[in-house]
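When you get a sec, could you build the whole thing from the sequences and use the hints?
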Amino acid sequence: MAGSNLPEFCLDYRKYTVEMISEPTAAIIKKVRKQMDEVASVPDDQLTYESVIGRLADIETELDTFTSCQARLPAAAATDKAVRDAASEAEKQLEKFSIELSMRKDIFDKLVAYRDQTDLGSLHPQTKRYVEKRIQRGKRNGLHLDRATRDKLQDLRTRISELTIEYMKNCNEDDTWVPFTDAELAGVPDTFLQSLEKTDDGRRKVTVLAPHFIVLKKCSVAETRRKLTHARAAKCMKSNTPLIEEFVQYFHQLANVLGYPTNAHYKTEIKMSKTPETVSAFLSDLKEKLQPLWAEERRLFLQYKEEECAAAGVPFDGQIHVWDVSYYSAMAEERKYAVNHEALRDYFPVDRVTRGMFQIYERLLGLRFSEQPGAEVWHEDVKLYRVQEADSGQLTGYFYLDLYPRDGKYDHFCVDSLRTGRQRGDHYELPVCVMLANFPKPTADKPALFSHEEVETFFHEFGHAMHCICSRARYTMFAGTSVEGDFVEAPSQMLENWVWEPEPLALMSGHYKDGSPLPADLLETLVRSRQANSGIFNLRQVALSMFDQIIFSQPQSDTAEIFRQVYKDVTGIDTMPDTNFAASFGHMAGGYDA
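Here the sequence shown is numbered in full-length UniProt numbering, starting from 1 and rising by one per residue.
Treat the hints as calculated values from the structure; they're not laboratory data. Do not rely on the hints blindly, as some may be mistaken.
Derived SDA-like pairs: lysine to any residue, alpha-carbon spacing no greater than 20 Å straight-line [stated by the list, open to error]:
id	residue 1	residue 2
1	81	19
2	133	55
3	227	203
Listed below in structure tokens is the structure:
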């Protein structure tokens, strides 16, 4: 890869063969295992920062960077399925190896010995924390237990890893779509309609990816919304339901072996909540407080639905179904707050949004961003940016933007470190990260146009990128978004508030045809609508959180039935038969469990 400050890996995965993934993976595992053996062989009376902590930190960074660049990213973003499959397999092997390393009692014993013979107060505060955290993790991994128990724990962790990686691979490779005629898509904006691929018989292909959710918001044909909602909720149901229900069992067994009643108890112990009972009490309280707000929203939705049914001459069933929620939520924004989201979209072309967002973050953080043309990337849509301090010009890091969906790509939104920043000798190794997103693609006659909701998502995810770039931690363990779980979303949740303020919105907007500013009336109605439908929106979040807590508080779970019960109890809305949202709820397999 060009540029000495970037990871020394070619990221143009279009040039890769399967062997270019598998062979280096085997080599790095062999190399790191040997390095760890060397650390473990240091006599206790010769333990120093350089021989233990420094070595472990170097090994940790090298393995983490390799895994990110040679396994996790190509598995999520490479264009060749064979390369994605090879990278996914490499990810399994590397995760298995990482578990092996985390279960090395000889390394744990060296860390304990180093702690016991060192005045931790004399160390740099981050070094002291590094030692304490490594030992804490070792204990939570069960390294203080007997060999047979440790072997069982390692087997359980390895199996969980295999299942969760397979689960995510299935989500990414899913290509579900539903065909509809133009009449069945009545109400959907024509520009979106024209962007859809066609089947041989002339129908339009609507996928279950985020850019196509506009159909659920705008299509006036209830049966179309019902079919698409079912397809979305049934995504990966057959392949992933057995996987999630198996890894839920293994998480429970793992917690039991470590002496915890449930996985929820194990995971919450080191968070602010401390116990699942605290979490459950908080969610129950929030659920009750949101009910009056949702009741008023539901009353309005039913009024709109009854009016529509009367106008169309069809029976009114007096129900808000799961496929009605997005549609009548959008209608409420339009009628109650006079928000015209399709008119707004014309003012949020991707280049203008990106440029304005950059300007805001540059001002807030004292940075300067510049695109790096000609960089080695894995798809022509991907762009690399250089980050410098505005005053001094000092290089701070790099980030990649991969904004549009494609076959086999990671199907949601995330930021991942390709290399975390960290202190290395007398210099700071610069962070490099990537944003993977699934925003609407450009069309033949229009650039990619974002909804305001997508602008907010973009701003949120870019906050994670800036968290990675601005981090100046000494160790990979603490760098970027590798922070306490209670805090990891806080910077982005704080920064995303800017997209509701007039001045930042003016910077990020301009009509795609002539750059004309966002009209004052559109801006005013948008800002006024911020709390629209907050009852049902937040109740859905409560339902997802309760579902998570329940399945990870039991030895085994019928995930479809539990989700049905929880969603009904929280929102009063029935889910659809023959669906299982849990089968594509990626957070459950991505470290957000419990």
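How the hints compare with the structure:
no. : hint      : verdict
1   : 81 x 19   : holds (14 Å)
2   : 133 x 55  : holds (16 Å)
3   : 227 x 203 : holds (15 Å)
Hint violations for this structure: none, all hints satisfied.
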